Amino acid sequence: MPMPEWLRLRRAQPVPVEDAAQWTKCPKCGTMIYRPDLAANLWVCPTCAHHFRMHAFDRISMLVDADFNEIGGELLPGDPLGWTDKVPYPQKLARDREKSKLTEGVVCGFASIGGHPLALAVMDFNFRGGTMGTVVGERITQLFERARERGLPCVVFTASGGARMEEGMLALMQMAKTTMAVRRFHDDGGYYISVLTDPTTGGVSASFAFQADVVLAEARAAIGFAGRRVIEQTIRQKLPENFQTAEFLLEKGAIDMVLERNVLKDTLVRLLDYGVGGKRPANGRNGAAVPAVDAIPPAESRA
Amino acid sequence: MPMPEWLRLRRAQPVPVEDAAQWTKCPKCGTMIYRPDLAANLWVCPTCAHHFRMHAFDRISMLVDADFNEIGGELLPGDPLGWTDKVPYPQKLARDREKSKLTEGVVCGFASIGGHPLALAVMDFNFRGGTMGTVVGERITQLFERARERGLPCVVFTASGGARMEEGMLALMQMAKTTMAVRRFHDDGGYYISVLTDPTTGGVSASFAFQADVVLAEARAAIGFAGRRVIEQTIRQKLPENFQTAEFLLEKGAIDMVLERNVLKDTLVRLLDYGVGGKRPANGRNGAAVPAVDAIPPAESRA
Amino acid sequence: MNVIVEREKGLIQLEQRIDELKEQAAQQPVDMTAEIRALEAKYAEIQREIFGRMTPWQRVNMARHPKRPIGSDYIAALDQFDELHGDRHFRDDHAIVGGFAKLNGRRIIAIAQDKGRDTKEKVYRNFGMASPEGYRKVLRLVQLADHLGLPVVTFVDTSGADPGIGSEERAQSEAIAQSLYELADARVPLVASIVGEGGSGGALALALADHVLILQHSVYSVASPEGAAAILWGDAARAEEAATRLKLTSDDLLTFGIVDEVIPEPIGGAHRDAAGTIARVLDAVDRALDALIPIPSVELRDRRYAKFRRIGAASP
Amino acid sequence: MNVIVEREKGLIQLEQRIDELKEQAAQQPVDMTAEIRALEAKYAEIQREIFGRMTPWQRVNMARHPKRPIGSDYIAALDQFDELHGDRHFRDDHAIVGGFAKLNGRRIIAIAQDKGRDTKEKVYRNFGMASPEGYRKVLRLVQLADHLGLPVVTFVDTSGADPGIGSEERAQSEAIAQSLYELADARVPLVASIVGEGGSGGALALALADHVLILQHSVYSVASPEGAAAILWGDAARAEEAATRLKLTSDDLLTFGIVDEVIPEPIGGAHRDAAGTIARVLDAVDRALDALIPIPSVELRDRRYAKFRRIGAASP
Ligand SMILES: [Zn+2]
Ligand SMILES: [Zn+2]
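Chains as they are written, first to last, in the numbering used here: chain A, 1 to 303; chain B, 1 to 303; chain C, 1 to 316; chain D, 1 to 316.
Among the clues, some could well be false.
[Unchecked claim] Derived Cβ-Cβ restraints for the label pairs, each shown as a range: (1) 265(B) to 273(C): 34 to 40 Å; (2) 5(C) to 25(A): 47 to 53 Å; (3) 276(C) to 265(B): 51 to 57 Å.
[As the list claims (entries may be wrong)] Below, in silico cross-link-like pairs of lysine to any residue (SDA-like), each with a Cα-Cα straight-line distance of 20 Å or less: (4) 307(D) to 80(B); (5) 86(B) to 236(D); (6) 102(C) to 114(B); (7) 265(A) to 236(D); (8) 307(C) to 80(A); (9) 120(C) to 251(B); (10) 86(A) to 244(C); (11) 102(D) to 276(A); (12) 122(C) to 235(A); (13) 86(A) to 238(C).
By construction, these hints were calculated from the structure, which means they are not laboratory data. All of these numbers come straight from a predicted model, not from anything done at the bench. Cβ atoms here follow ideal geometry from the backbone N, Cα and C, with glycine treated the same way.
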């Protein structure tokens, strides 16, 4: 399959042409940074090391060896609740599509990283705050299902404000749906690494983000179940500075590693490598050695 | 098999004849109690409800429907380390045998309780403080192995000061040995209930006591890993009154239930009943539906 | 302020009037039949007006009605219950009550969220908002059920998971995620009943099930209306508006295929006939178990997979 | 006071003397060969005297020698190490260090107890005494190893599990019991090395393994000598006596079949050639893995069962 247009463009020109001449201000230290410089520095502030939220295309471009074989891109959100508040939901979607150049809050597909073929999902906060609606749930589910069929490891970058209100309970149920897919993937021997980026909260945090074999987080990312504001309103006191940061969670034992972005890819390659070629006995949960849905090749024979 | 002599005797005369005329003092409230009355009250102080530590024979007599088919009684401790301190280890053993009428710190066998056939182990603090040496480990292991073969549930009453110093590392390794047996029993669908009685600490607490499907404790029993004295010496401060009590552990989420002795048997019967006739799928951990060592009948066909 | 409680006040006064009149009629020779009839007709009319076509916000308030049967009422109505406590690691969370039980003689594991009735109990139960230890208790009980081959029956009633500092410190997200993960492939039948509020992930963590029942006036929502309003408009006071938009009523949920069965409530709500309502719920649970238990374990899980797989799928 | 450190003092002085003499000899025309030889002979004699036949108590002190290689030294000597943190529920316990690693190119999960070297590090590592979260981290890493089919390699060095209030509150017994339970049936090869002190259940929780190595002067004991003395005689000061009776040396353990292999140490103890000692341990681990990896999973676990089944069995 040919390399997607956006990947070719990002490779040629890390910052989209229409934004290239702009300067941007670091929200942490206030430094003005020339955007191509920022892109070249993996979207990390050269002054204070603040990690900017990354566009899914930039993230993928930074990670994959060559091509990226997108799946689920044809799945587009409907308006199941007929939602309107200030503007109708379809208008919000159209606006976000325009602004973000994304069709939904996650980009899924197959690629290789450091020579390791894998299934990769990257969420993007630019599209409806990375909230999980039916399309995000469906794309993630399809990715795990196909990774399971192909016997590939799965890496998911999360960035999400939680379940998408505008799709109501259909959004919440994506927590259940993705969980089912992750569980089957795992029970058939699948290896899953999640990378929690800023911010990862609510329904995404409380489902596939914390169901991985290895849970990583980007430095200083905000991670939690309840939003910071909700907690402050509930307990009526100020929260400590580092509350719900990746570093806080590491100390509290919730995550495996916190990584600065400049070592993320190399670390990921090493972690993927540990999962290769292990002598994995069949889990057997599904009875007489037959996986419940369809067969996958044993780990040893994987690419 | 004929009813063991001791069980026949306890049934006829709950307090052994040589002790019958004695009065005893409640260590909690100081009340003087006539021993036959105490026995009739399940060894619970009628004034303050203090639970006296029970002799294994009394415990078994209180619990089982009729007969008790002892196993492992022929296993007697050796002196693997050639241990001597004030007196040689074999002398200590002889003294405890004499005093307690027991051959070791646990009595194991098959019986039924409320109509439920089961494997039953009862530890006794009167023999070397209920410490686990090789014989305790071996008897417990054999009980789980035979319960597994017969497809019977297993109930273990613990009372132990931990591993037995006089048998050194051979004693410590009984934690590993019993764990292996409990795990195999469980993986083949076995149902295991432990009842933690006063005191349950150290190596017994840190092995089979806390590996049960359901963990019960007698009211006000002392339960913990480290001894109270060790902790006080380490932290150099007094511990709260209820520290390491059954009630403390319940609040801390470590155990399922705390039971007064007078409801213990009825509760146990109900708990055993819940484990009967469930539709248990094969665990399958050991591969193609064949248990690793030898076959047990499926749960449905059990007595 | 509960809008249902407010609207009920007139009805309760009317009820008292009718009772008084009936008593008078019994003691005096005067014929008051006509008056009583008139009042009863009025009563029925007001009842129809209040309860005949309830708005989503009224449903939310009904689901939160202080007299509505709570989790522990369902547990108490089982034949037998032996509570099992704790997560084995940190604490026994009183917001969730679970253990062995019998339902119509059938051995089950029953788990309920419990909001508590009076103030003291509400505090003890943390208003039904579970901490990570609560969800880890659920996980443990589901594992026990799986091991013994016992079906799991849950009763859901929570405004959401506890949003306190301690819960975040002890990884609330992980706890909910792992509860879902355990339910996802449990080898035993799972039946969930939404009996009050089904608030967000904190409710779903007990409601990933083979058969999901809901009481007619219960709600089940992606976020509490207050929470959704705060998220959407930064204004929790717009909860009524959010309730309307969120499609959280039993009818909506049945249409979307998110619940499998709606249990009718007596006119005026479940609390007007608590015992009857509870019996109807338990009866529906029992029927669901009758249907699920004969299904072989592998097929059961395949069906469960397919059931959730369909929700929000591209081509339904 | 460490008796080995005390006895080493004379040796260290002598070493310095010899070095000085050698330097002088190199700079001056005087022949000092005889003097140097004499001192070297004396040095060898004292060394033989101190280390030739060490008492159990001296072994205990050697195992606790402040310069003895500790857990993190073994981890550092692996080809590659990626630390994984936490129990996912409460805390990351720094007394236990674990993660993915490579040993001679082979992918493994490595787990070490680490006492820390200087005071600050000792406090950070809680002197190698793990809390429940440490054992729960072990459990989690063993599950990960089991899932990915990676062998588990542990390095044991602890005086025992942490005996603090918090550890009891968070169920230390349960944590150790469950770590053992997980190791008991893990479907991957397990190799444990007792590199320092193997203190009680807190050590065993990492040492239920298919192949157990021990360094020559390491000890592995049912309780620390101080603990045993306190339990037996209410007097921790009688630790030396307890050490003698407990049969905790590598020779005793090999005789009893509790360890499978003893790795010799250089004269004077492991710290006299830390790099060499570590390399020998890792080499022995590697050879053990070579032998274990080809064994099919079911047979591996049957052998593990039989290995521990034999210890203290009626008819060995
Ligand atoms: Zn900056
Ligand atoms: Zn008393």
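Comparing the hints with the structure gives:
Range check, residue 265(B) to residue 273(C): about 39 Å between beta-carbon atoms, so the 34 to 40 Å window is met. Roughly 52 Å separates the CB atoms of residue 5(C) and residue 25(A), a value that falls within the hinted 47 to 53 Å. Under the hint 51 to 57 Å, the C-beta atoms of residue 276(C) and residue 265(B), about 37 Å apart, miss the expected range. Note on residue 307(D) and residue 80(B): the hinted pairing holds, with a Cα-Cα distance of about 18 Å set against a maximum of 20 Å.
Simply put, residue 86(B) and residue 236(D) have alpha-carbon atoms about 16 Å apart, close enough for the 20 Å limit, and the pair holds. Restraint check: the Cα-Cα separation between residue 102(C) and residue 114(B) comes to about 18 Å, which is no more than 20 Å; the hinted pair holds. Distance check on the hinted pair: residue 265(A) and residue 236(D) sit about 53 Å apart at the alpha-carbon level, beyond 20 Å; violated. Simply put, residue 307(C) and residue 80(A) have alpha-carbon atoms about 18 Å apart, close enough for the 20 Å limit, and the pair holds.
A distance of roughly 18 Å separates the Cα atoms of residue 120(C) and residue 251(B); the hinted pair therefore holds under the 20 Å criterion. For a cut-off of 20 Å, the pair hint linking residue 86(A) to residue 244(C) stands: about 15 Å separates their Cα positions. For the suggested pair residue 102(D) and residue 276(A), the alpha carbons sit about 12 Å apart, so the restraint of at most 20 Å is met. In summary, the hint linking residue 122(C) to residue 235(A) is supported, as the alpha carbons are separated by about 17 Å, within the 20 Å threshold.
Straight-line distance between C-alpha atoms of residue 86(A) and residue 238(C) comes to about 13 Å, which keeps the hinted pair within the 20 Å bound.
Going through the hint list in order, the structure does not satisfy hints 3 and 7.
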